[in-house]
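Given chain A's structure and the hints, the job is docking chain B onto it.
Going down the list, the sequences are from chains A and B.
With numbering that gives the first Met the number 0 applied, the first sequence covers 0 to 316.
With numbering that gives the first Met the number 0 applied, the second sequence covers 0 to 652.
Errors might be hidden in some of the hints.
Reference listing, derived: stretches of chain A covered by chain B, where coverage requires no fewer than 3 residues with Cβ under 8 Å from a Cβ of chain B [stated by the list, open to error]: (1) 60–71; (2) 102–115.
Where chain B lies over chain A, by a calculated footprint (3+ residues, C-beta under 8 Å) [to be verified]: (3) 74–85; (4) 120–127; (5) 132–146; (6) 292–302.
It is worth saying that the hints were derived from the structure and are not from the lab.
Ideal Cβ positions, reconstructed from N, Cα and C, are used throughout, including at glycine.
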Amino acid sequence: MRGLLRQLQQWAERRLPALTRHRQPESLPITLHRRRIYIVPTGFGLGFSVLLLVMLVGALNYNNNAALLLTCLLGAASAASMLVAFRNLDGLRLSRIQAGHATAGQPLELTLALDSDSPRSAIRIDLGDRTLAVALDGTATTRAKLALPTTQRGWQPLPRLRIWSTWPLGLFRAWSWLHPEQSVLVWPQPEEAGPPPRAPAEAAQQLRPHHGDELASLRDYRAGDPPRHVAWKASARHDNLLVKGFEQPQRQPQWQLDWRQLDGLHNEARIARLARWVDEAQLRHGSYSLWLPDEQIPGGSGPLHHARCMNALATLP
Amino acid sequence: MTAPEKPAVPSIDTRTFDLLSLTMALVLIVHAPHLPMWLTATLALLLGWRWWQRRRQASLVPAWLKLPLLALLTLAVIVQYGSIFGREPGSALAVGLLILKLLETGSVRDVRVGVSFACFALMAALLFGQGMVATMVVALGLLPALATLRALEPAQPSTSLPRALAPGLALSVAALPLALLAFLLVPRLSTPLWGSPLADQASTGLSSSMSPGAFTELLIDDSPAMRVSFDGEPPPPDQRYFRAFVMARYDGTSWSYRDTGNQPPTALEAEHAVRYRIHLLPTHRRVLPTLDVPLDTPPHARMRRDHVVMADRRVNGALTYELRSATRYRLEPDLGRHQRRWLQLPDGFNPRTLAQGREWRERHGSDDAAIVRDALALFHDGGFRYTLVPAPLGRDAMDDFLFDTREGFCEHYSSAFTVLMRAAGIPARVVTGYQGGFWNQLGNYLLVRNSDAHAWSEVWLAGRGWVRVDPTGAVRPERVSQGAAAAAGDQRPWYRNDWIQGLRNRWDIVNQWWDKGVIGFDALRQRGLLTPFGIRDTDTTTLGWLLAISCSLFMAAGLAWALSRRQPRDPLRDALRELERKLAHKGIVRRPAEGPRHYLSRAARALPGQRSELAALMSIYLELRYAHDEPPTEPLRAFRKAVRDFRVANVVK
Chain A
0 MRGLLRQLQQ
10 WAERRLPALT
20 RHRQPESLPI
30 TLHRRRIYIV
40 PTGFGLGFSV
50 LLLVMLVGAL
60 NYNNNAALLL
70 TCLLGAASAA
80 SMLVAFRNLD
90 GLRLSRIQAG
100 HATAGQPLEL
110 TLALDSDSPR
120 SAIRIDLGDR
130 TLAVALDGTA
140 TTRAKLALPT
150 TQRGWQPLPR
160 LRIWSTWPLG
170 LFRAWSWLHP
180 EQSVLVWPQP
190 EEAGPPPRAP
200 AEAAQQLRPH
210 HGDELASLRD
220 YRAGDPPRHV
230 AWKASARHDN
240 LLVKGFEQPQ
250 RQPQWQLDWR
260 QLDGLHNEAR
270 IARLARWVDE
280 AQLRHGSYSL
290 WLPDEQIPGG
300 SGPLHHARCM
310 NALATLP
Chain B
0 MTAPEKPAVP
10 SIDTRTFDLL
20 SLTMALVLIV
30 HAPHLPMWLT
40 ATLALLLGWR
50 WWQRRRQASL
60 VPAWLKLPLL
70 ALLTLAVIVQ
80 YGSIFGREPG
90 SALAVGLLIL
100 KLLETGSVRD
110 VRVGVSFACF
120 ALMAALLFGQ
130 GMVATMVVAL
140 GLLPALATLR
150 ALEPAQPSTS
160 LPRALAPGLA
170 LSVAALPLAL
180 LAFLLVPRLS
190 TPLWGSPLAD
200 QASTGLSSSM
210 SPGAFTELLI
220 DDSPAMRVSF
230 DGEPPPPDQR
240 YFRAFVMARY
250 DGTSWSYRDT
260 GNQPPTALEA
270 EHAVRYRIHL
280 LPTHRRVLPT
290 LDVPLDTPPH
300 ARMRRDHVVM
310 ADRRVNGALT
320 YELRSATRYR
330 LEPDLGRHQR
340 RWLQLPDGFN
350 PRTLAQGREW
360 RERHGSDDAA
370 IVRDALALFH
380 DGGFRYTLVP
390 APLGRDAMDD
400 FLFDTREGFC
410 EHYSSAFTVL
420 MRAAGIPARV
430 VTGYQGGFWN
440 QLGNYLLVRN
450 SDAHAWSEVW
460 LAGRGWVRVD
470 PTGAVRPERV
480 SQGAAAAAGD
490 QRPWYRNDWI
500 QGLRNRWDIV
510 NQWWDKGVIG
520 FDALRQRGLL
530 TPFGIRDTDT
540 TTLGWLLAIS
550 CSLFMAAGLA
560 WALSRRQPRD
570 PLRDALRELE
580 RKLAHKGIVR
590 RPAEGPRHYL
600 SRAARALPGQ
610 RSELAALMSI
620 YLELRYAHDE
630 PPTEPLRAFR
640 KAVRDFRVAN
650 VVK
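Here chain A stands alone, though its shape is the one from the complex (with noise of 0.2 Å):
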């Protein structure tokens, strides 16, 4: 039964590429139009319509006008069901997606921006064989949160997107299939373990202290302290002459990771290694620089250098 089904719903999307998967990457904001969402009833409206059947044959049966005209009420009502099923989808607006970060292997967050300007109730998202429900209040902005399954870094295209709903009684199911061009940047995987950097030859040279020209404290004069570094205004209110101490705080080891340093390994294996060394400098807080053979990313630290950094990884050939 399921492999019929299954092979029908081929068949449908072969013969009607308008109405299913088949459907061309379109720009973002998508704003659901009545004529990309379809109907069919469901798995229990089909029950249902037996049991309506079923209720009608007995009335006429029984020539019984008062459950005749029960059963019109109910069959009356689960057919304008059909249309509140249509309306709940009809005009809803898919903004835009913001795309997370993650590295292939993990899922990737999206976040789907929903707009309508009424109220909705139970529009789920499918993805891959996972579903989420939402429910909109027609006045703000909703979000809805999706996990992308991905599999390797670099660009990848985001999927169809199934929005469907069976509101408000599980009768009829109205859906639409969505297929946003948008691509997101999957980050390469760091490498599980492996050798740390190698420290630059003029590391030890950064390692000393180091006077910089940033005015860090004032201490007692000492003689041979030099006139000019005499803070003059603060000595006169003291006994004593006090003295600026110009000191640049310690700082971390800049890492220069190099591209050049890795030969002998494959470009995946490279990429590898430059991930986990970005990701190990990025947890130490440290500065770092990345040269790729397309790139050259000078210092940096904080999460955004990071970003930079994994996309360029991301990115390469």
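Relative to the frame of chain A, chain B by itself:
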């Protein structure tokens, strides 16, 4: 606002279960009137317990409890009814199973099955009585059912329980026009597809035999039996006799009607005829009551020898028929060879009564009328009492009644009177039917209840034919002039006192409308549906087409509603439209794809006299439209006022 759906079998929440329990409770309530009291109470307890248990801990009821309960229910139904088939046992079993289903309801699928079954059980309740109030209550039972289905849907704003019922009501009200249309046009079956519907239903109303005391059940049943409307004035109360059976044979305990086959009706000379229509509620019998002596027969019915009208089939649904009847007449002026039949008396019964009859005959000789007068005088002055709860009678029932107990109601009086007449050698018979009724001024119809059932006598007098004599009237004249309710006096139960009865009689007009318009809308009426449009006979094919066409029309209307997009109101745009309309009068029409700035500059050039005004309006509009996300209220109001006040001056060219 968002919630990931669990992939495993989704369990249902408390609200859904509450609504489902409410649905089940309503089903139980609408079935309660015909379920045995103990079964209703047990099921109600079970329902309440399950609800409480589910609230305390969301778990299922173990199987060791469910199976014995199921067996117990089946056993109880068999013990009570002797079978599980048929209408009563079937519905008792169905309601019981429905409540038991609640015990194992844990998943969405269970709830859907439960709700579907509940809808069916609600409809089944209407098989027991399709009164208006019952139908309304049952229809209300659909609301929690719809609300339950709605509550199954994920991600919806939470509401209170009463508010959860409102959308179902709105949906039903929106669906009402389509429902009514379908009700009108769904082709009715002229013959049932299976079985003989309601064959197991106890027949109500008059039966073809009568023994004194048998009416008692009927006389306290004040449900409507029929409604009669007359062309012209209704007959006065003491002439509202509706004949059903004419009974010839008496076996000492009861009178019975014998169908005389297809003998032609006896001769009738009518002097005054009345035309009327009777709307008869289902009796599950074939006899059709008629006012006095009918002159013709309705379709699908025959008139028997004694002017008793028999339908070809049992009256299982409401039936309306139109007739003419004679109210002043000479019926069977010549008795001929049938005389012996009307003098039949069983041997060896009621010796004292027979002696009384013979004595009267000896005293008055051949003056039959005098004998009748004597008999009525006996009832009037002999210390007889009208009561609905008479003392029981022995073997010689008429002797006991006439000379001993001296209390009874119409059956006793008519029976005793007829026996007395036959003893005196006067052909006589008992006639049963209805007498009286309530004249509903508002609806112009006579409401006859089952409690208006009556029995009287007819005696045959030479030269006058059969003459109606109502001995009950001699004892209790109110019975004839004011009806059964007045005659019963203070013997009625408390809830049938005068003003409640009066209220019910007046309220009956609504029931009449319901019975005629809804219950009585049968295949015949449906065929005449299009008579106002010149189609006398609407056959099934036409009905099918009509149904298809009008359903399509309704669907189109529904689609139009579904497709309509509500445009958010934009007062600023409306104001600009108004300005455009004003300018369009002067021929300055905004072109498609022309921006407001270009358009208003063009207008200013075309109307040099109002250039400054238009320029000001334009700048305000642009300011309001583009300087803010939302136009601020105060300046917007000022702009709308300015547009309203703007008058296009005549252009001097």
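How the hints compare with the structure:
Chain B is given as covering the stretch 60–71 of chain A, and this holds because 12 residues of the stretch bring a CB closer than 8 Å to a CB of that chain, at least three being needed. Note: the stretch 102–115 of chain A has 0 residues with beta-carbon separation from chain B under 8 Å; the three-residue rule is not met and the coverage is violated. Here's how the stretch 74–85 of chain A fares: 9 of its residues keep a CB closer than 8 Å to some CB of chain B, so the rule of at least three is met and the hint holds. Given a C-beta distance limit of less than 8 Å, the hint that chain B covers the stretch 120–127 of chain A holds, as 4 residues qualify and 3 suffice.
With 8 residues having a beta carbon nearer than 8 Å to a beta carbon of chain B, the stretch 132–146 of chain A meets the requirement of three or more and the stated coverage holds. Beta-carbon proximity to chain B at under 8 Å applies to 0 residues in the stretch 292–302 of chain A; the threshold of 3 is not reached and the given coverage is violated.
Hint violations for this structure: numbers 2 and 6, all remaining hints satisfied.
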